[in-house]
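S.K.: One letter stands for each residue in the lines below.
Number of protein chains: 2
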Amino acid sequence: MNKIYNPAQNTWSEILKRPTKTVDDIESTVKEIFKEVQKKGDEAILKYTSIFDGTALATFEVTTAEISEAQALVSEELKSAIQLAKSNIEKFHAVQKTSKIEIETTEGVNCWQEKRPIQKIGLYIPGGTAPLFSTVLMLAVPANIAGCNEIVLCSPPDKNGKINPAILYAANLCGVTKILKIGGIQAIAGMTFGTESIPKVYKIFGPGNQFVTVAKQLATQFGVAIDMPAGPSELLIVADNTAVPAFIASDLLSQAEHGTDSQVILVSTSKELIDEVEKEIELQLDVLPRKAIAEKATANSKLIFVENDKIALELIDEYGPEHFIICTKDEDFYVNNIGNAGSVFIGNYTPESAGDYASGTNHTLPTNGYAKNYSGVNLDSFTKSMTFQKISEKGIKNIGKAIEIMAEAEGLQAHKNAVTLRLESLK
Amino acid sequence: MNKIYNPAQNTWSEILKRPTKTVDDIESTVKEIFKEVQKKGDEAILKYTSIFDGTALATFEVTTAEISEAQALVSEELKSAIQLAKSNIEKFHAVQKTSKIEIETTEGVNCWQEKRPIQKIGLYIPGGTAPLFSTVLMLAVPANIAGCNEIVLCSPPDKNGKINPAILYAANLCGVTKILKIGGIQAIAGMTFGTESIPKVYKIFGPGNQFVTVAKQLATQFGVAIDMPAGPSELLIVADNTAVPAFIASDLLSQAEHGTDSQVILVSTSKELIDEVEKEIELQLDVLPRKAIAEKATANSKLIFVENDKIALELIDEYGPEHFIICTKDEDFYVNNIGNAGSVFIGNYTPESAGDYASGTNHTLPTNGYAKNYSGVNLDSFTKSMTFQKISEKGIKNIGKAIEIMAEAEGLQAHKNAVTLRLESLK
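Protein sequence lines, in the order shown, are assigned to chains A and B.
Mapping of the first sequence onto the working numbering: residues 46 to 472, in sequence order.
Mapping of the second sequence onto the working numbering: residues 46 to 472, in sequence order.
Be careful, since some hints might not be right.
A pair counts as met if it fits within one copy or between any two copies, since identical chains are not told apart.
[As the list claims (entries may be wrong)] Capping the alpha-carbon separation at 25 Å, the derived lysine-lysine pairs in BS3-like fashion look like this: (1) K165 x K62; (2) K204 x K145; (3) K446 x K136; (4) K316 x K442; (5) K439 x K136; (6) K124 x K84; (7) K80 x K62; (8) K48 x K336; (9) K223 x K124; (10) K207 x K131; (11) K76 x K62.
Rather than coming from a laboratory, the hints here were simulated on the basis of the structure.
Please work from the sequences and hints to get the whole structure.
M.R.: See below:
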């Protein structure tokens, strides 16, 4: 761990730099697969599934029989846990519903805003060692509340042509309308263009490796929206001597185990705490199954001492952490003033894991400084806001003249004329 | 105008195709200018302003003296019109404010969502023949309501190194914090990287030509967000024999005058109306100053007859128009059921021009079918949603077990451990 004391403000951006990766080299692969899927449809999907996942599938869609089989394989204990999480995620996202917002801006001019669901969405769930069924909950639950009528889920099959049972269980529980055993670039390309088996969708959500990330970026060039740009996960904790060093260490490590490029940062006004957390990390690291990964990630990480809360806040706001844990005496200072963070965890009994799984908040959050300009996934991510207006004869008389003058000043005579004709008909 | 009767559903996508343009050839120019601005800052800005705008500027920032001068040049009539528009835009966007949304998802688990402003935003306002001061209102007014603390506006100078007075008047009126005489690719690059004169921003808004559009796309690769992907403006009207042909024609033409690539479509259940609108277009076209542009745009446009409202709605939803005017007897059918549209205008006295200027709704809207997956600019475009959670000892006891089970099932032991340590401390 790197300990840094009282860094000068002009060194912050260097200290807070994220581990970067270049993606130029994989762009050409992604483009090629997109072209082939666009042209050949399922034939290309079959080919790349065979190459990348090592399995030859006759059909991609998961059957009702497979779902039943999966349901039997998931332990009752895990089912209950998933149901609790689902219930909390539902509650938190359901209260985000907004009703029609309406106002008469001028007498006779009625304007309103309504949110309507994005009709067709695609969810990407990675396969591999960690089956992210929790991400299924985080995406499918709000999609359902929003009222999206087509929810397609793609996840890569294993060597035996199967998807992890917990993923299937969660997908079925949360109302996914079609589950497809397709992964990687070919899944994203398929949902972008549509194939015989894969419906074309309007927006794609979900995490993935570098290939999936680049594929999602490319998808946006073909009219598909995506949830947000992706990057390695990150956690910043601000803590003082009211914090419990063992808890802080466990939170830092829970982030560090995600990947060797994960970033964890502790900012503290207490040098003692920094030293104690460092010791705790050593102790806890030893017993972790993913020790190798976590160790590498902690090597990139930083323990930063600053003089006071005000400096700490400024530094944190410049960083814009995805996850931000506050364990300080004056927690309100940070809660009220933080400008840039994805999700904020407050107090000694609020580990990041809670938000990752079961408290109800969404875990799909902006990384890489995108907390400055992007929201985490929320109910609105599955809707679009539309505006409506209805103007009466009285209304057009009230604002018509202003429109004519402005249209004329912008040199748009036909815009003016659309109002003039109406005003004249009312004379 | 192309008249099409009862098109078969499998021909819709061909009929509704937007005029497309390829941008490959200008990408390299855009990339080059980005590189140079990143490396050389103001020196590059100066160079390209001289090349593209034909003016050599000593400084880019508009001074207080220039703003006063501009204020004197704008007629009182136009000032009043702008003030009325501003007041309506303010009212409509102010009611979009949402308060903190809070819920206790499980006893002891408090979660809430708050929207906080994007701190630094950039507005791009094109120059040229049509000075889009109305767009200044549409972007700066909600930015101010959202609480963005840095609002930078870039607009190209004319040959005399000036920005149109109405743009300066509107920018000053709406609380823009810095106005810069910089246009085109170099302006977008400058706001992306920051230079000596241009602040780096987190999100860029506003329309522009093809070069600006490609530049905004490129900006997203450097961590900047943009309002939405841009395309030529478009209008679809659904009308039956309760509509006034002259009004419909004037609305179609107001869209057509935007550019030769604008698209206007009329869908109707009345062949008579279609014929009458066609005649009206001929008549009105003749007297328009932008006749040449409007004529070319109408040549690409379509008058489509369909048997009934149900078919009309399906076709419109597949198109997803930016602007959608409803002039039919049963307007509620369309209002309640339209799934994909940017902004909807209802009834004979609600021309699109009203929303373009003064009714209060925003005129920055998704084109090119993006109404299927993007919102028009609204108050939320200037904020990001952040989540917060605070869990009590009781709360972690209530959900801790579920988190442990799920983390274990995903193979993330350190995530589990962060909860286990806390649960054990409470035994």
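S.K.: If you check each hint against the structure, which ones fail?
M.R.: 2, 4, 6
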